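Colleague: The whole structure should be built from the sequences, with the hints applied where relevant.
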Amino acid sequence: MGVRQAPTSAVALALVTVAGCMADIGEGAWTDERAAGAPAGPRPPGGPGTTTTPPPPPPPGAALFAPVQSPRLTQRQFVNTIRDLLGDAAAAVAARVDLDDPIGLGDHRFRTMRAAVTGFDDLDIERLDGIAFEIARAVFEDAAGRARLVGCTPTTADGDCAKGFVARLGRLAYRRPLAPEEIARYAGVMAAVARNEGGDPWKGLEAALAALVQSPHLLYRVDVGERDPQAPGRLRYTGHEMAGRLALLLWDSAPDESLLAAADAGQLATPEGVRQQAERMLKSSRAARGVAAFASDMFEADRLPGLEKDRAAFPRFGPVLAAAMREEIERTAVDLVLAQDADLMDLFTTRATYVNEPLAQLYEIPGVKGLELRKVTLPAGSPRAGAGALGFAGFLAVNAGALEASPILRGVFLNERMLCREFGQPPAEAMNASVAPDASGTRRTLRQRVEATTRPPNCAPCHDRIDPLGFGLEPFDAIGAARATDNGLPIDASGTLDGVAFDGPASLARALRDNEAAARCLARQLYRFATGHHEDAGEEPVIQAVETRFLASGRRARQLFADFVASDAFRYARAASP
Amino acid sequence: MPKLVIDRRAALRGAAGGLAASIALPPLEAMFDAHGTAYATDGKPVPRRFGMWWWAQGVGGKNDRSSEWFPRPGNPRPWSQGGKTVGTYDDEWTFSPELMPFSRRDLRRDISIVTGCRLFGWSETMHDSQMIGMTTGWPVVNCGGFCVRPSRRPIAHELSERWRGGGERFPILAATVAGGNVSGVTSERSPAALFDRVFGASTTVRTGGGARFSTASRRSVLDLVQAEAASLRARVGAQDRARIEAHLQSIRDLEQRIGRMTTPAETTTTVARPTDGPSTDYTGRHDAFARLMALAIATRQTRVFCLTLDAGQSGAVYGHIPGVRQGHHALTHPPSDDRTALANAEALHHQVVTWKMERLATLVAYLKEIPEGAGTVLDSCLVFAGTEMDNPFTHYSIHQPMILAGRAGGRFRTGRYYSAWYGGGQSYPYSFGGGPTGSTNQENSTKILLTILRALGEPDAEYGGDGLTNDGRNRNYGRVTEPFGALLA
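Chains as they are written, first to last, in the numbering used here: chain A, 1 to 578; chain B, 1 to 489.
Think of the hints as simulated: they come from the structure by calculation, not from any bench.
Just so we're clear, the structure is a prediction, and the values are computed from it rather than from any experiment.
Which bits of chain B does chain A cover? Going by a derived footprint, with three or more residues having C-beta under 8 Å, they are: (1) 179 to 189; (2) 222 to 228; (3) 233 to 244; (4) 313 to 322; (5) 330 to 343.
Selected chain A positions facing chain B (in silico; Cβ < 10 Å): (6) SER70; (7) MET113; (8) ALA116; (9) THR118; (10) ASP129; (11) ARG137; (12) GLU182; (13) VAL189; (14) ASN196; (15) TYR220; (16) ASP223; (17) GLY401; (18) LEU403; (19) SER440; (20) THR453.
Think of the CB as a built atom: it goes at the ideal place given N, C-alpha and C, for glycine as much as any other residue.
Modeller: If you want it as structure tokens, here you go:
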């Protein structure tokens, strides 16, 4: 299965960092820091081969919390918001707008991190304006749907019916009540449009909806915070800001009326109030979207649609299979967190997964028909069985070359993403290393070639940590299919992780499941994902509190989310630069 | 009446679907003056335009194929600036194998080649940092692990913001062929979508459901959104405020675009709507984008474009080149101990680079084949083609390959090969000399950005920024105070 014999001309290794990812310079209206008055300061210490987590301590008095910021919505959040406000037909229209780009290494780890520093530029704004009118048309063309949404018949475009519509829908869209002057502004536009369009008040409402959908109050999660009387050095999020934060994290979408009512009543000012809402929200079907968004970012599943593989070696790899790989990751995570409320570290060892027919064929599971994914138990004897997330074909394919697997990419991924052990940039001279003697014509495994390449002393400090974890996944090829041999030779998938020996994906997965650093890292990654930022050392105490609570809870998956949102880490902020 | 004549055959080339738009050409009502260098209506000179074209992963191979891109010297002579020899210039250079696509299109007099610049400091190590260093001249901001982001706008975005409001419909048009993006703004990934945006329908902005509303109503909606953005701007912190301000500016510009260019102009031409092929039809997509960018410049839709062929550690598989089966980045990293594999990889990379140069030559030729005034559109343009490193097999960026095309309205010197390596001896293949941050006998690559700005009439006395390198030394690796005098006319 998969490729056995790489042609000599294509035995390249995906060396050092990334293959298959596309770099870019802040697409999506990245903001020039000059405009923000921020210094273009030096990068943090940490040169070649250094581990950059945890970062060095900041000066005394530095922040303890993530900075307050107003990230823009991701594509998923925008579409989910439209769905919850306006229904599936409108969401289908919204999904046509392209607001995101694939994330690659060298870019922000999570979409939420990019969303915190990029805005919308000319092209985005133009696309949003166009799609907003299309969404409004989709809603208003359907007379019955329109009547349900508006709930009354407007006789004038700025009367109570029309204003009530704006107030009710705007509250969900803005994640807070609209101020009277905001409603008045809408009323003015609705009246003007109705006049322009032959006196039809419905046209006024349709235009108001087009404005609402492209309003920056919807497109940005506006977080400003307020001084905390208990601790003047920090900011706390207001009740309505908390509602927006909870909804966008747990549902990847807008709040519902219950959540906003809790904010109105001041119930989101306390950890108990937040937890109560979070537990309610995690029981909702909408919670699947929040968990899926986190899982998708964790495993870089959004890179799957654009992934290229060698067509001759992998004729079955294409958009259909890639889509199934992505859905497998998201649904497995949703099942573990929400349906099972499992020990989250079971992610690494679960034998349950989701497949459809193309993916089942890749996994050699008989009897699965059709494109709908369904839950299956991986058969014993498969190298995937017991390897949990490490057997996700999507993760394996993203962290591989077009033709060959990449122990280095996989090893970097497991270190950085699953153990929170980051590496600095490779030394500039590293790439010029040449290794003697010449091994041309020697039949070797990929592992043997990687070992030869990363042998030089200036490579070893990092690669001694990177490569072994990647070697543990050698039984999987470049699209994640199982393989028994490599280049006709037996595969050596043995290694150690923090002194624990493993031999193959399942035992590597067990080593990760039982590794405290890996458990802590999952909690830390949730912090990064939720705050949209990579922590400074000053934040260690609040992060470690989240980690410790996670360990103490028996690493319960759903509780991690509830505990996290009720923690100081999610409820407080440090002030942004003035 | 003089008209801009766009070769109809050229404009239609590549149109599979036969869809086309008859477009108005506003500046071309615009008769040129007797010299053909200024619009007769207002006497204003043809504006200078900037194009950025980017390719990933440099040119060289690890061994003797290193020199297949670098021009063959003809008669190199020292160039002095401030009483000091700072490089060599050569007007009698000849084409190297990888540059032959420019020869085939007779573009030798339209381009200049620059080598010998070094990317100093932190930006020297890896793809993303190098790309940011080359396009911004400023240190990166580290955002955790391998994550880096720019602290300043890339040059294309910088110029588009400086020139915003100058009468063009779009401050910048950006497109991406095989992934990646060095423009600093959102880029189009579909040639058909770019066509629709710039030339489509009634040549207003894309209307979507907005077509059901009058222009006045659409403006009312945008007025409301503007008011909302303005109220939001007042509430948020500095960095968020900058983003909201940009958002607000984009809405203002969109509002201005709505309804413009709907009246018949005196001159029209026909632009073919390209049909998007498969996403892996890299040649077709690139050339369609290139055609549209050239037409957008010619019709004064924009003064700035950015076309990214590929960027960074590209995973694109250039399978149209026989023998290429791996992602582009993986292709350039064969095992260090396998000379046969290395030789094969170098041979394939040579073909990939040649194909890339063919694409760039195509873009330049498109600009050149559109007449404008007494010359061609290319005359008023300056196209900067760059890459993040000279050698992807080593990741070195100490001999940055650059190509510049067009004369920037007479301010830029073409036909020249300029080497900024003035340390004496053989400049290529090279060694690290003083180490990755310690060489003193080379020019800083940021100089090309200052040179570009000067050629385009910008007043900058200096460009680029300082910062610490990763070893804590060398605080001055971005900022430069002199352009390449040899390239300014």
